[in-house]
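Fit chain B to the given chain A structure using the hints.
Number of protein chains: 2
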Amino acid sequence: MTVKLTFNPYDITIEVPEGENLLRVASDAGIHINASCGGEGVCGKCRILLESGELDAARSGLVSDTAWNMGYRQACQCRLVSDAVIQVPPESLLDRRTLTRRRSGIALRPSAIDLDALKRSGFYHPAFQKRFVKLRPPTLHDNICDLARLEQGLARQHALGSLTIDWYQLQKLGRVMREGDYEVTATIDYSRRRYRSPHLLNVEPGDVTQSHFALAVDIGTTTVWVQLVDLAKGEILDHAADYNGQISYGDDVITRIIFSQTDQGLQKLQRSVVASINQIMHRLLQRHQLSPNDISHLTLAANTTMTQLLYGIDPTYIRLAPYTPVACSIPLARARDLGLELPPHVFIYCVSSVSSFVGGDIVSGVLASGIFKDPRLTLYIDIGTNGEIVIGNEDWLACAACSAGPAFEGGGIHYGMRATSGAIEDVSINPDTFEPMIITIDMVKPKGICGSGLINLLAALMEADLIAPNGRVRDDLNTPRIRRGESGREYVLAAAPDTQSGRDITLSEGDVDNLMRAKAAMFAGYVTLLQNVGFTLQDLEQVILAGAFGSSINIENAIAIGLLPDLPRNRFQFVGNGSLQGATLLALSRDLLAEERRVASMMTNFELSETPGFMNHYTAALFLPHTQMELFPTVNERLQNQRDKNQ
Amino acid sequence: MTVKLTFNPYDITIEVPEGENLLRVASDAGIHINASCGGEGVCGKCRILLESGELDAARSGLVSDTAWNMGYRQACQCRLVSDAVIQVPPESLLDRRTLTRRRSGIALRPSAIDLDALKRSGFYHPAFQKRFVKLRPPTLHDNICDLARLEQGLARQHALGSLTIDWYQLQKLGRVMREGDYEVTATIDYSRRRYRSPHLLNVEPGDVTQSHFALAVDIGTTTVWVQLVDLAKGEILDHAADYNGQISYGDDVITRIIFSQTDQGLQKLQRSVVASINQIMHRLLQRHQLSPNDISHLTLAANTTMTQLLYGIDPTYIRLAPYTPVACSIPLARARDLGLELPPHVFIYCVSSVSSFVGGDIVSGVLASGIFKDPRLTLYIDIGTNGEIVIGNEDWLACAACSAGPAFEGGGIHYGMRATSGAIEDVSINPDTFEPMIITIDMVKPKGICGSGLINLLAALMEADLIAPNGRVRDDLNTPRIRRGESGREYVLAAAPDTQSGRDITLSEGDVDNLMRAKAAMFAGYVTLLQNVGFTLQDLEQVILAGAFGSSINIENAIAIGLLPDLPRNRFQFVGNGSLQGATLLALSRDLLAEERRVASMMTNFELSETPGFMNHYTAALFLPHTQMELFPTVNERLQNQRDKNQ
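One line per chain: the protein sequences are A and B, in this order. Take 1 as the starting number for the first sequence in this note's numbering and just add one per residue. Take 1 as the starting number for the second sequence in this note's numbering and just add one per residue.
Where hints are given, some of them may not hold.
Quick list of the computed label-pair ranges, beta carbon to beta carbon [claimed, not checked]:
no. : chain 1 : residue 1 : chain 2 : residue 2 : range
1   : A       : Ala148    : B       : Arg283    : 33 to 39 Å
2   : A       : Ser291    : B       : Arg178    : 39 to 45 Å
3   : A       : Gln289    : B       : Glu341    : 40 to 46 Å
4   : B       : Arg271    : A       : Gln289    : 32 to 38 Å
5   : B       : Ser272    : A       : Asp242    : 41 to 47 Å
6   : A       : Ala148    : B       : Arg178    : 44 to 50 Å
7   : B       : Gln279    : A       : Gln264    : 26 to 32 Å
8   : A       : Arg79     : B       : Asp142    : 58 to 64 Å
9   : A       : Ala148    : B       : Ile258    : 22 to 28 Å
From the derived model, a few chain A residues whose C-beta atoms are all more than 12 Å from chain B [what the hints assert, rightly or not]:
no. : residue
10  : Thr6
11  : Leu62
12  : Gly122
13  : Pro205
14  : Asp252
15  : Leu338
16  : Ser352
17  : Pro469
18  : Gly502
19  : Ser589
20  : Glu630
If you are wondering where the hints come from, they were derived from the structure by calculation, not from laboratory data. Beta carbons: idealized from backbone N, C-alpha and C, even for Gly.
Extracted from the complex, chain A is given alone in its bound form (with noise of 0.2 Å):
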């Protein structure tokens, strides 16, 4: 169900679901409202009139009886419940003219597997599949063993000829068979092609054939995730995530691969990802009433040093030049002899790694956007502390890590944080009185300021017209947001009563200079790549992004700052979790498992410090959004109209 929503003076009227924020809609609609508090309603500041219609809006002590009753509501404490009109108080209204502030249209949810087109297309084709067998019962004149009986069964009636078995899988087959009166299903793996046969992954007593599920884990440096997939049905059935525990051993991969070569602590990394599997996995299963023994195998993706801890490999070598992972492709283990609290017929699927810091997320997501038999020229961007980026069709593709630094996870940024509760995602500025309008994660009062959020403060500064393109704080301008702070000149987000911490929420030129460096390093490099396979930005036929990151960014605003490349912006696609999603797609279908090494060698890693002219794309992207400023045509078209207007 959906409502339409009119915010006057503006005569905007927007389509939007019902039960939404009222404050998070207008942010979504390019509408500024007043707020300090990000949402949680104790700065009173985003007041709005409700003209006709209804909202469901909780009171505060900050609204009078008065105010309530002539219609006043606070944005951030209203959900929407029917079509309704409001009004813009003038504290917060906007000139007009900077309306013309553009919000991408583009869907923030990550999106879903489409498993009907995956059907449609023939791509759904799990590599493990449950058979039912009769087996005529022993006899004196007919005592072959059970497993031959059972291999005698599976060719007969299911055409399966030499088989290959996991000898664990004999220490129940005597009881399974008798317990099922020698009527048994079989859980078969088409996958392992080069072992030639298809492989007896699992028997079990009678026909549950109906009962057959996956996991599918893609192990972020900071979260895990799980999904649960319902092999039988074709259905994606769940997910759940929660925290790497590795963070307690440090942030990022660099840290934690200088942890692992301490006493013990390859071991207590390993053993600490095992723990946060585990229980997403078994908070998974109890939710949907299912045992361990119903899970059938496990696809994983993973960056290239989460994937080297999850296998107790030291990765040490990663993180010292020439930067040489253990191995890119690591063999079938079963899961239990990593510690995952799963029966030993579980053996783990993991995606292919191209390099160290080109991983096995990043194939996976490869996998998963389906650019390897695309034939547009994509540019595939995963943007984190290392930016990944790869550039290719179905024909070619090459590959890069950007060590854009944790500015974007908050690292390097006085009030940078990660993205949760508490964290300001959304930010607008009004051009006039420069006051923030801010939203919060979970719309409480402010910490911090996650990465979307100081890319749309940069943007918004930028359009205000408070920072200039070298990334300097304006300095004549007669406002008490903007001071003199400890790195140079800094904006004044939030004030102390307003903040959680009951300190000041602040940008510096400092944290300026830290944010421009990491987007310079990624624009560098989607630049550098294309410039050596001999293409150029506008050839780009496809932007994806993907990460958690990637799928909360304002492709407006991370254009606006020259993170992104000015294209049209229909070329520019969310994918989600690729990395999950790659792992959940490849158990789904046999045909990508099978593909997924060929992908991932398909993939050619550049190191940029090696590759001529990344220094020089660097610096010359030093710069907001950059010193070419014919680079971004809409950007410096949309800040010339500004400044027009402005004047």
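Showing chain B alone in chain A's frame:
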């Protein structure tokens, strides 16, 4: 060095190895010397007179100064050091006529593997090979993963393409490559044929191609044998054995299967045999200053129950009709997963079995003895509680297990015992005086009679005409050696003062009945199996005796009692511990490793209880040697001669 030894008054001269024991040599030569204490030197009955030459003789108080100076010695206390002539004193003398008693001249030691012959015949070709590679260190322009670098090196320097690898190797690969300064030794496993590619089993720093070892293990119900093989030199370095620790849970397979069904029983049995292997293995490794890391792989043969117990596979259905094992071929298992104290690169290659009672030990023996590639019709026998029989040639093989019962292992025989210290293993009886000559294992005071001793005793009783063809003990002789006991009449083999227990050691009619049933089951097995494949005993071109017990059998006596068929003696061969030898051969020959499964599947299993004719043949064999005397012409002739002479 051999010495010549002449026995007077018989004027028999034999050539024997220097250092041998005189009493044992006499026994082997068929010379009877009264001896009651098994060879411990305490009965003083085995006195002989040294006529010329020298003997290295220990002196006890049982030989007076006068006697000593005259040249009297206790035969059991003498070691041969030079040519010598001795006189057997009158009290030990047999009537010259009885010297027709013949011993087969076949060596009693288990035959070793003829490695040179193996090499000459092209069979010496271990499936596991070490390859040294020098790799180029990585640079920023060539920073592929360590594994790919190693694979490249192996492909270029040893033409090894598309290897498979076990993920555990990756845990050390990075370190190994750097420790060896990019010079490493790879162990390649060529045995995994069904997986198409060679397998990269292990990686070590530097050139260690000359340090390459394997273990071959035979798990007997009673004894565990481990052989240490040097694959670099092509030598069998050493072996060691010990009791199977499972003995404390039951003597034979049936009691162990029953125990396995008790709470934690299976785990206890699994752990105890593993503990035995570990202990023997460590002893062997220590003796040669090797570490478990020097071992490349482990080959193993055992009967079906021992195999299932080792892998923790419930053996319940082996013992219940219709007697199905869970699996006849066990896939590769990581030694460590079973609890063996070996590094993760060591896998177990287990010889396939045929059925519940024809196990991998028999298949291994068939491999070792080469029947499967021999054109001659061969009978292969392993006598134990379950006597296993294989009949066939290069084209076909038939096999069966006979429930001989535990008689030949000393079970069900009042003074029966295992072949351990103090067991009477050799017996002869003076047909005139009925005085015995007994020799025990370790030549200590007798404790009981082992299987081979029982065969020899039964034959001696027959030859001395103390026992009738129906197994009844003569009651018409006036000798204290024969008396009535609790189980019918009995022969007193050793009197209380000469035994360890201080009680008489006897063989009763009840014991004889049990022995007859055991030998009848075996004999009926050969005949039935032959009949079912269209042959008779006379068609047998070769008889191979395997197993510890088989190796200690006196062929002549075994034929005399009807346990073995009466064929020309040169058709008999001892293979020794065929199971261990087969396991060792698998470590040495890639072709045999590839053939073992085929050979096992070549062996058609017969359930004797279900096979026509068996019960009749069994009943017919409940006689000494057999109801159809024409089946035993040489025995018949000898007994006839004996009777003529005795008259």
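Status of each hint after checking the structure:
1. Ala148/A x Arg283/B: 33 to 39 Å: 38 Å, holds
2. Ser291/A x Arg178/B: 39 to 45 Å: Given a distance of about 44 Å, which is inside 39 to 45 Å, the answer is holds.
3. Gln289/A x Glu341/B: 40 to 46 Å: 41 Å Cβ-Cβ, so the 40 to 46 Å window holds.
4. Arg271/B x Gln289/A: 32 to 38 Å: 35 Å, holds
5. Ser272/B x Asp242/A: 41 to 47 Å: This hint holds: roughly 43 Å between Cβ atoms.
6. Ala148/A x Arg178/B: 44 to 50 Å: 47 Å, holds
7. Gln279/B x Gln264/A: 26 to 32 Å: Holds: the Cβ-Cβ distance is about 30 Å, inside 26 to 32 Å.
8. Arg79/A x Asp142/B: 58 to 64 Å: About 59 Å separates the Cβ atoms of Arg79/A and Asp142/B, which means 58 to 64 Å holds.
9. Ala148/A x Ile258/B: 22 to 28 Å: Holds, since Ala148/A and Ile258/B (Cβ atoms, about 26 Å apart) stay within the stated range.
10. Thr6: 59 Å, holds
11. Leu62: 60 Å, holds
12. Gly122: It holds; Gly122/A is separated from chain B by about 27 Å at its closest Cβ, greater than 12 Å.
13. Pro205: The claim holds: Pro205/A sits with its nearest Cβ about 15 Å from chain B, beyond 12 Å.
14. Asp252: 21 Å, holds
15. Leu338: 9 Å, violated
16. Ser352: 10 Å, violated
17. Pro469: 34 Å, holds
18. Gly502: Non-interface label on Gly502/A holds, nearest chain B Cβ at 49 Å vs cutoff 12 Å.
19. Ser589: 23 Å, holds
20. Glu630: With a cut-off of 12 Å, Glu630/A remains clear of chain B, as the shortest Cβ separation is near 33 Å.
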